[in-house]
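Asker: As a plain string of letters, each chain reads:
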Amino acid sequence: MTTIQDDPALTERPRRSFYERHEAVILGGSAVLIAIAIWQWAWSAGKISPLFFTGPSAVVARFIEEWTMGRLKEDLAYSGTNFVIGVGAAIATGVITGVVIGWYKRLAMIFEPFLTALYSTPRVALIPLILIWFGIGIWSKVFIVFINAFFPVLINTIGGVRSTDRDLLRAARAYCASDWQIFTTIVLPGAVPFILTGVRQAVALGLIGVVVGEMFGGSQGIGYMVNYGGQTFQTDTVFMGVVLIAFAGIVLTWLAERLERHFSRWRPER
Amino acid sequence: MIHIDRLTKRYYVERDGRQVVALSDVSLTVANGEFMAIVGPSGCGKTTLLNIVAGLIPYDLGAMSIDGRRIEGPGVDRAVVFQHSSLLPWRTIAGNVRYGMEMQKRFDAATMRERTDHFIKLVGLSGFEKHYPSELSGGMQQRVNLARALAADPAVLLMDEPFAALDAQTREFMQAELLKIWSQARKTVIFITHQINEAVYLADRVAVMSARPGRVKGIFEIPFERPRQLGLKRDPRFLQLEDSIWQLVEETPERIGMAKTAS
Numbered sequence: 227m228t229t230i231q232d233d234p235a236l237t238e239r240p241r242r243s244f245y246e247r248h249e250a251v252i253l254g255g256s257a258v259l260i261a262i263a264i265w266q267w268a269w270s271a272g273k274i275s276p277l278f279f280t281g282p283s284a285v286v287a288r289f290i291e292e293w294t295m296g297r298l299k300e301d302l303a304y305s306g307t308n309f310v311i312g313v314g315a316a317i318a319t320g321v322i323t324g325v326v327i328g329w330y331k332r333l334a335m336i337f338e339p340f341l342t343a344l345y346s347t348p349r350v351a352l353i354p355l356i357l358i359w360f361g362i363g364i365w366s367k368v369f370i371v372f373i374n375a376f377f378p379v380l381i382n383t384i385g386g387v388r389s390t391d392r393d394l395l396r397a398a399r400a401y402c403a404s405d406w407q408i409f410t411t412i413v414l415p416g417a418v419p420f421i422l423t424g425v426r427q428a429v430a431l432g433l434i435g436v437v438v439g440e441m442f443g444g445s446q447g448i449g450y451m452v453n454y455g456g457q458t459f460q461t462d463t464v465f466m467g468v469v470l471i472a473f474a475g476i477v478l479t480w481l482a483e484r485l486e487r488h489f490s491r492w493r494p495e496r
Numbered sequence: 078m079i080h081i082d083r084l085t086k087r088y089y090v091e092r093d094g095r096q097v098v099a100l101s102d103v104s105l106t107v108a109n110g111e112f113m114a115i116v117g118p119s120g121c122g123k124t125t126l127l128n129i130v131a132g133l134i135p136y137d138l139g140a141m142s143i144d145g146r147r148i149e150g151p152g153v154d155r156a157v158v159f160q161h162s163s164l165l166p167w168r169t170i171a172g173n174v175r176y177g178m179e180m181q182k183r184f185d186a187a188t189m190r191e192r193t194d195h196f197i198k199l200v201g202l203s204g205f206e207k208h209y210p211s212e213l214s215g216g217m218q219q220r221v222n223l224a225r226a227l228a229a230d231p232a233v234l235l236m237d238e239p240f241a242a243l244d245a246q247t248r249e250f251m252q253a254e255l256l257k258i259w260s261q262a263r264k265t266v267i268f269i270t271h272q273i274n275e276a277v278y279l280a281d282r283v284a285v286m287s288a289r290p291g292r293v294k295g296i297f298e299i300p301f302e303r304p305r306q307l308g309l310k311r312d313p314r315f316l317q318l319e320d321s322i323w324q325l326v327e328e329t330p331e332r333i334g335m336a337k338t339a340s
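Top to bottom, those sequences are chains A and B. Residue numbering for the first sequence follows this note's numbering, beginning at 227 and increasing consecutively. Residue numbering for the second sequence follows this note's numbering, beginning at 78 and increasing consecutively.
Hints were generated in silico from the structure; no laboratory data involved.
Simulated restraints, written as ranges between beta carbons of each label pair:
1. A:Tyr-330 / B:Gln-96: 24 to 32 Å
2. A:Leu-344 / B:Gly-204: 50 to 58 Å
3. A:Phe-489 / B:Val-90: 36 to 44 Å
4. A:Glu-300 / B:Gly-204: 55 to 63 Å
5. A:Leu-481 / B:Glu-212: 25 to 33 Å
For glycine and all other residues, C-beta sits at the position ideal for the given N, C-alpha and C.
If we strip away everything but chain A, and leave its shape as in the complex, we get (with noise of 0.2 Å):
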């Protein structure tokens, strides 16, 4: 006999269509396509001056010219590793910083002031202190970007290490937790998801660091190579730069984002 729970048309899953499953993609990326193809049309009918703007197959073309005969692939590695090391440097420094601020009160009251006035400070500004103390060297930019993305990573930690969950405090120390073990089971862990918080936004910012670090002094790097090709009015080159730069923005932060998700697998679903 055949119960209502038996019947296939209510105890299988509505199958959904290979355009449901994938809607968001397949609407999104439609949607680019037809603005490059639009684009592409306008610049191939000539309707796009060269000298203020260009087209993608010239921006591909450049892109290929420059890879295989130009410098781009020394420019990459170049901006790369000013990224690494200051973005790694942030993020280390960051944490450290930010939890022994957050954890003790009175650091915390000793330090404010000066975190508060360098948070506001808007980082582009101290750019001319930053070359008199380093040099037009890899030094100055590996700095420009550590110190966009240190704060980040700082204020995140603080309020992570802040935010420590009364109650789980007092359970560890019915369990005669140490202050250590309160350190590596309670807070360290409270605070991972808005440590990653901080790394996603250290990761964005770090990148503007990059770019605008190379475009003052020095003669090397993705950044440099937009300042350069805007002055001389190559803009295919100023556009293949942007979008390998806005490319390189969408991988990192989808990283940094999947590395969010992964270290919040205990939370609740939202």
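Fit chain B to the given chain A structure using the hints.
Answerer: Chain B only, in chain A's frame:
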């Protein structure tokens, strides 16, 4: 044996500096293996008393000892089951049950694994080892909380209104379950509740506290045989006992928050 002798606790209200006497001359003795319930209206200091016995907050006057050893802070001889399950959300159920043992470092890794499995089974959560607390219901979370406390192998189990946040049905079920588990683990228990009927059903003795200042007003022996069934709550002798405890509680002028027969 837990010996609490003329314990006094004062604190100051931050806003106006007013002094409040939370506990005044509280004396209580709990024998080894005894199940002692403490009832009283909200604000009578019963949770404060439990936190003091747990070693989590200091007290001003009096003395307190377990088996002759003075209590001066948290110890491995006690474990607390809090009202809010206070499980580590980033640890799985198995990780949470292991937590107390891990902090206290009294067992080697193999024993910890064994005890984790044992107590998860005892509270009826086999199969949920790899789940996170957020995936469990409130009743299940309190079972984990209980398993974590029992796994640490304390001599004394301190329970602070552990079922207060549960719905009436789950609470009844958890009470019966607690008695079953307790009959196997045989720990000394101090159980705080504001529900008289819960106290009578679970305990060997029920202490009644009054509010402001918090003090012990009277202690009732609960004569019912064990194992006790939930049906006991409908027994006339049970209701009579519940009623006489209620009358003692009612003498307290501030009886707000006291539930007579809720659940």
